[in-house]
Structure formats: structure tokens, C-alpha cells
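Peer 1: This is what each chain is made of:
2 protein chains.
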Amino acid sequence: MAVSLGRGAFQIKEPVYITSYAAVVGKKEGEGPMGKCFDRVETDSYFGQKTWEQAESRMQQETIYHALEKAALSPDDIDIILAGDLINQCTSSTYSLRPFGVPFLGLFGACSTMAEGLIIGSLILSSGAGKRCVAATSSHFSTAERQFRFPLSYGGQRPPTAQWTCTASGAVVLDTQTENSPRISSVCIGKITDLGVTDANNMGAAMAPAAADTLTRWFKCSGKSPENYDAIVTGDLGKIGGKLFAEIMMKQGYDVNPCYHDCGAMMFDAETQDTHAGGSGCGCGGSILCGHFLPLVKSGKIKRMLFMATGALMSPMLVQQGESIPSIAHLVEITGE
Amino acid sequence: MAVSLGRGAFQIKEPVYITSYAAVVGKKEGEGPMGKCFDRVETDSYFGQKTWEQAESRMQQETIYHALEKAALSPDDIDIILAGDLINQCTSSTYSLRPFGVPFLGLFGACSTMAEGLIIGSLILSSGAGKRCVAATSSHFSTAERQFRFPLSYGGQRPPTAQWTCTASGAVVLDTQTENSPRISSVCIGKITDLGVTDANNMGAAMAPAAADTLTRWFKCSGKSPENYDAIVTGDLGKIGGKLFAEIMMKQGYDVNPCYHDCGAMMFDAETQDTHAGGSGCGCGGSILCGHFLPLVKSGKIKRMLFMATGALMSPMLVQQGESIPSIAHLVEITGE
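If you read the protein sequences in the order shown, they are chains A and B.
The first sequence: position 104 = 748 (this note's numbering), numbered continuously.
The second sequence: position 80 = 724 (this note's numbering), numbered continuously.
Hints were generated in silico from the structure; no laboratory data involved.
Be a bit skeptical, because a hint or two may be false.
Which copy? The list can't say, so a pair holds if one copy fits it or any two copies do.
DSS-like, lysine-lysine: derived pairs with alpha carbons at most 25 Å apart [claimed, not checked]:
1. Lys694 / Lys671
2. Lys947 / Lys671
3. Lys868 / Lys775
4. Lys868 / Lys947
5. Lys775 / Lys657
6. Lys714 / Lys883
Let's have the full structure, built from the sequences with the hints guiding it.
Peer 2: What follows is the structure in C-alpha cells.
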């Protein structure tokens, strides 16, 4: 059962547990400050495939298999897989999941997908439908850059606000049975927010207001505040968007700075890795949640955290047509047992 | 509460009602045999906007407003909107929903989106999270053709197996309170199915095995058969795919022919409207469900039906890379009160 706490905010009454999780990343992500936390670092950007699109699918597939293996599960044990990605028609996910034979619900939340999958998965399990589901997502630098910006061989200049799409994937197994695991205790579904940013090279600024909208709403609905959390984590606002987000929250009366982290800012060493404002992509938040934060919850070092993945819900064509960039942020409250 | 009946099949125990629905279509769809069943037929393919992408967003937006108005509801009465479409990064939905201010979960299921939204919406309401949600989808001939096939001005030849993407949108309001309305009694989530079809001009053939897989699984899980239904409806298999689907079902021991309908085959008069194998697109099944079938359930002429929307989960790039077309079909059982 879930109970409404207010607009889009729901408390999960009967436990939904995070029984397993895995993260797989590419070479550059493995060389960054978070490199040691991932289950696997693949140095071949093609993941042994012929195209980058096939590579991203293979990476996502391997991540899901890793998460299943860690819980001694097979695809037959999974009732539903929820997945999505950035690539047109979400093919990284649909081609990834072809061999699994598991009932599939496709999502599009751009870089908010990891949180969206955890929200839908935990609400579906709360209804009694199924015992176990998987939420997964991925992004790949080479598939995203050529789709959203320029052909890689063009060597386009990147402004300082630009972020670096991570080659990374995260997968989480949710169930209703594995006690003594981190659990999803509440969720808050994002609203589409658009303050008129039109610069596709400044995604962090476009997404920061969406994150602030969701978090402020969550605090108002739940009666909680930053002091209730060991960590408040955004997916890929990057350094510029993250600073803006903390400033907006401060204006709303909430000081998030003591416990605030952004996976995009954590992923790379901007000085030595030439990644400007930080990492981005569905896999950025997904892999750092699964590689870094969930193990900290599992070990008891984090007792209560918020994971808030943000997504820019635009396409290159709409930006070319002069449209601004609508964004969204979905929130998941994760609690240690 | 929902109860598992078998792999991906769930019975909705406490009623989820279809309290309102609406369909808006374009000129050609309005001139076809179903023309009179829609809430609105717009003769301007731009829907008063500057681009076709904006037109599709506007059409979807109007459809949702129609559905809300028919139930005397405003966006503030809606807890969650679930929507998706065919366009890259689902922008027809995200730009459509910007002004609503309603918590949003983005879906990608290609032409299966109407059924996917109804499934997730009814399972979420079954969990107790929220009282009311909207599931919506759309497609537009001009946005889809130039994205998936050729620029319209190129005037490419269409083979006889090709389908005509409908300019159409459907929206459904689900709630847990409006008795004496059609209700969603069970759902069955599709698996990704790929029998190796590589011809993007023969989507019906690619999707038919997915529809047969889901329906066969549903019959086995539920113990039901075609005789239990007044109508078994697929979204957009078209004439060729629909025939293939019925043949596969017959080989599995189920004769669906006495009650089988395909929204793609129903939408146009192929002889006079030059639409080859029939209509397609997310809005095809969505608009005929909302314009034709739900009113028949509401009036008691249909007591029990299955709506099964099929989706081809491919992109032009993956087809160009030589990949075959994975497909999916999601099933919703709708029962009159």
C-alpha cells in the first residue's frame, strides 16, 4: 500500500526493498575519482560490439545481469523490468532487454529515468502486482553526443557550462521480501518545469528549478527538512546547475549544502579530465547511486537519503525550433534498515 | 490491490474506473469510416501552430482538456499524468504537458503507449497512491513520417505493406471512485518479441507475434478464451499484421476472428483513402479506443473487451544498422459495470 502525503508525494507503507544493484561504466568514468566504486569498468568504448548504440545496449544488459547475479537471481525471477535511456525511441533499453523475456515497461524521463523507474517499480510492487522488479538505465558518451550535439569527428568546441555525457549504467532490483536491505520509504513524482532556458549547452541551469520544485514540494508534503537526511543527491545538475539548485533552495528557506551531493559533479576530476561542468546522462546518477550511495546505505554509513534524478525533456529538433527546455526531477527517499 | 495471475498478468481487485475519455483527430481521420466517433476533427494539420511538432503537442493537450472537461475536472484534480509518443525524446508529450502542473511520468512504448499508460495508471491507483490519473498519447502523420521515413516533400513511394501514421490522440481519466463506469479489471504486460523482421515498411508483421505472445499468455494465465469477450481489439496491426495475428492465434488453438478488430484497419477506407495496410501510430489505437470502444462499453453494448496496443520498439538508426525490429503488446481488460 502507498499513502498520499500531498501533490505527487507518496509514502510506501509496506516495505519495498532494494535487494541488489550494479553499475558498469566506461574507461573515462573508471579513471575518475569514483572509479573504484563500480562493479565493472570497460576500457573498450564499443563493449565488443560493432556500433556505439549496440555498445550502450550491451552495457545496460551486463549491468542488469550483474545486479541479478549479486542476488543469485535469473531473469525468470523478475516480474517486470522498467527501463529507458536518452537515445531516440529508447533503443538502448529495448535492444538490451530483447533476450530477457521479462514483461517490460518502457520509460522516457531523460536523465531522470533511474528515479522514475524506482518510483513506478515501488508503487507497482506496493499494489501487490508482482514480487520483484528491476529498474535500469544507461547513457553512452558517443551515442548521446552524436545524437544531441555534433558528430564526434567534427570536434565541436564545448563551452564551460557544457557537461560530459557519462558512459555508464545502473540497475536496481526491488522486492517485497529481502529484509535488512535499504528500502524505498517514499517517492515524489516531478512536475514539468520550464523557466525559459534555451541553451542546450547549459542543461544544469535548465534542470535546477525542476529539482528545487520537487524537493521543496517534498519538504512541504512530508514535514521534513534537510536535517532529516545524511545525503541529498541529485543526478546530473553538474557544478553550475548544482550551485544554482542550492541557491534556489536557500531562497526557499532550506539549506541543503551540509548534505548535498551531485553525481555529475562527483563523476570526473574537471581539472584533469576536461569535463567542464561535470558528468551528465541517465547513467551518471544511476551508476553513482548503485556504485557509491546504495553500498553506503547498506553498510549503515548513510541512514536516510534522497535520490533526485533530473531530466531535460527536450530534443535537438525542438531546440532548433526555438523552444525552451522543459525539465523534471523525480525524488526517491531511501532508508537503511 | 492487484493480484498476480501469472507472468506479467495482474488482476485489479479494487475497482479502477474509466471515468472519462476523449479523442481528437486530423482531417483525413475525420473523413474515414470512424470520423463521426471522435470528439473533434481538426482540418488544419498545424492545429494553429507553426510546426507539426507543436501541432502534435497542441492536439494531445486539447485531447486531455476534452477528457477533463467531460468529467468536470481541472488539472489540479489529477494526481499523475502518464504520457508518451513516437517523437524523439517524447517531446509531443513533454511540451503538451508543460502548462498542466501535474506530476508526470513519461513513457516510451511506441504505439503500445495507450495500453502501457492504462496499465501503469491502474496499478499505481491500486497501490493507493492517488485517486485519479490520466493516460494519454498522440501521433501525427507529418511528425512521424519525416522522422521515421522520408521528408514529406520527397514524395517517397509506399509499398502495399506500409501503414499510414494517424494524426490522432486519445486520453483517458482513471479513478477509484466513479462507479457505473467501465473499469479496468485486469492487465497483462508485454514482453519484447523479435522474430527477425527488418522491413520498417511492414510494421504489422513485426508486431503481430508480440500481440499473439501477450494474448496467448493472458489466456493461459486467466483461464479465459476468445468466447469470454465481445471484442478483442489490437491497436495498429493493420490489415496484413492483423491477419497474421489471427493466424498465429489459430495455430495456438484460439479463434479470435468472431470478435477481433484492429483500430488500424478500422481507421481508413483503404480503397478511397490510399492508406495501404491501414492506420498506425500511438494515436490510432488511442483515439479509436476513446472515440468508439469505450462509449460502447459505457452504453452496455460491449460487456467485456480486451484492448491490446502493439508497439514497434525500433528507431530508424537501428534499422539502418541492420537490426531487426523488436515489438511489444500490452493488454488491458475492460469490463462494463
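Peer 1: If a hint holds in the structure, say so; if it doesn't, say that too.
Peer 2: Hints and how they fare:
1. Lys694 / Lys671: within (18 Å within a copy, 44 Å between copies)
2. Lys947 / Lys671: neither (31 Å within a copy, 58 Å between copies)
3. Lys868 / Lys775: This pair counts as between: shortest inter-copy Cα distance 24 Å, intra-copy 30 Å.
4. Lys868 / Lys947: Only inside one copy: lysine 868 and lysine 947 sit 15 Å apart there, 48 Å across copies, limit 25 Å.
5. Lys775 / Lys657: Both. Shortest intra-copy (15 Å) and inter-copy (17 Å) distances satisfy the 25 Å Cα cut-off.
6. Lys714 / Lys883: neither (33 Å within a copy, 46 Å between copies)
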